[in-house]
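Peer 1: Sequence:
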Amino acid sequence: MSALIPTTAYLIRAIHEWCVDNGLTPHLLVKVDAHTRVPMAYVKNGEIVLNMNYTAVKDLHIDNDAVVFSARFGGVAQHIYVPIHRVGGVFARENGQGMFFEVSDGQPPLPEGTSQSVEPNPSTLAAAKKSHLKVVK
635 MSALIPTTAY LIRAIHEWCV DNGLTPHLLV KVDAHTRVPM AYVKNGEIVL NMNYTAVKDL
695 HIDNDAVVFS ARFGGVAQHI YVPIHRVGGV FARENGQGMF FEVSDGQPPL PEGTSQSVEP
755 NPSTLAAAKK SHLKVVK
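The opening residue of the sequence shown carries number 635 in our numbering; numbering runs sequentially from there.
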């Protein structure tokens, strides 16, 4: 059996579409690191929440590797790049409904059925923080 593609990108696209179809504003929670390209002036505690509504962004593209779009921050157009493995959640601003994902520090996860030849760095594992978010049912 071939390696399976992670479901995260599919779920992000589905929740985004659900928000738009219901007249809600889709937001993306991003855990910022060196791989993300976001306006750092708006990052708080290593996180940023981005409005992904079609009225707020231009050229939105969500593929299996990244969320990419252009948006204005303080009147200045910026190109946004968020690797899928850095997305902490996608939700509706109005009611908070959506999906949240566990974000691990370091490299993106490998597809199921593949193995990694390099041992993970223990200092990186120890530095991982527990999220302040909690699951609401």
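No lab work stands behind these hints, which were simulated from the structure alone.
Incorrect hints may appear among the rest.
As the list claims (entries may be wrong) - Have a look at the derived ranges for each label pair, beta carbon to beta carbon: (1) G730 - Y644: 37 to 47 Å; (2) N679 - Q712: 18 to 28 Å; (3) A675 - S636: 22 to 32 Å; (4) A637 - A675: 20 to 30 Å; (5) A711 - S636: 35 to 45 Å; (6) M733 - Y688: 13 to 23 Å; (7) G657 - A637: 34 to 44 Å.
We put the CB at the ideal spot given by N, CA and C, even for glycine.
Peer 1: Hint by hint, work out which the structure violates, then give me just those numbers in ascending order.
Peer 2: Hints 1, 3, 4 are the ones this structure does not satisfy, whereas the remaining hints hold.
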